[in-house]
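Heads up: the sequence lines are chains A and B, in that order. The numbering of the first sequence is the working numbering, which starts it at 1 and goes up by one. The numbering of the second sequence is the working numbering, which starts it at 1 and goes up by one.
There's no promise every hint is true.
[Said to hold, decoys possible] Here are the computed lysine-lysine pairs in the BS3-like style, where the Cα-Cα straight-line distance is at most 27 Å:
#1 75/A <-> 103/B
#2 11/A <-> 107/B
#3 45/B <-> 107/B
#4 107/B <-> 39/B
#5 75/A <-> 39/B
Because the hints were derived from the structure by calculation, they are not lab data. Small disclaimer: the values here were computed from a predicted structure and weren't measured.
The residues making up each chain are set out below.
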Amino acid sequence: QLQESGPGLVKPSETLSLTCTVSGGDISSSDYYWAWIRQPPGKGLEWIGSIYYTGRTYFHPSLEGRITISADTSKNQFSLILSSVTAADTAVFYCARGGTQRGSRPLDSWGQGTLVTVSS
Amino acid sequence: DVQMTQTPSHLSAAVGDRVSITCQASQDIRNYLNWYQQKPGTAPKLLIYDASKLEAGVPSRFSGSGSGTEFSFTISSLQPEDIATYYCQEYDNLPCNFGQGTKLEIK
């Protein structure tokens, strides 16, 4: 199970911070990677970044320079930080688990999602 | 980036109909293609991985096929609970892009 947490409202130019708490699985397992996906209201899904058990991270090119993903294995959590946000960053943010043992690395478990609104 | 073109964007069908959705990749992605179902207000749910493999617990009326650049997703007999938006997603390269989605409605 995955559960997102964090502020639902962030001011423009400030920093968005979200945490995903994982239960029933070990985020340091080599069988999985951990991802953030967002969905602007009424629009489609966008992968924004992932972290692997090695600590290696991958980000969507459009967010390079603004995004950080980190993991805290002691708490079995991983986090997203997105800086200098604008209204275009308003979205439902999902955390998800991806399988490394399957070729297409599917996202097989998702959090319920949390709406983050960027507004003054 | 690999671009995923998903068609149609909207689909209306009757209960019991056979329904198909297509996803075209801008380059060869082998069979690294997933399909998800998203019902309103809920998180996406994995249905198909590796283009044609059914996720555990998913009804057998759902299926996927294809490789390379052309993929399809089929519901053999549409049920009322299948009303949702469906997305394809590739994982041959990063960023692992999603298709634009197909909103499926009951006629």
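Hint-by-hint comparison with the structure:
1. 75/A <-> 103/B: violated (38 Å)
2. 11/A <-> 107/B: This hinted pair is violated, its Cα atoms lying about 43 Å apart.
3. 45/B <-> 107/B: Since the Cα atoms of residue 45/B and residue 107/B sit roughly 24 Å apart, the hinted pair holds (cutoff 27 Å).
4. 107/B <-> 39/B: holds (17 Å)
5. 75/A <-> 39/B: violated (31 Å)
In summary, the structure is inconsistent with hints 1, 2 and 5 from the numbered list given earlier, while agreeing with the others.
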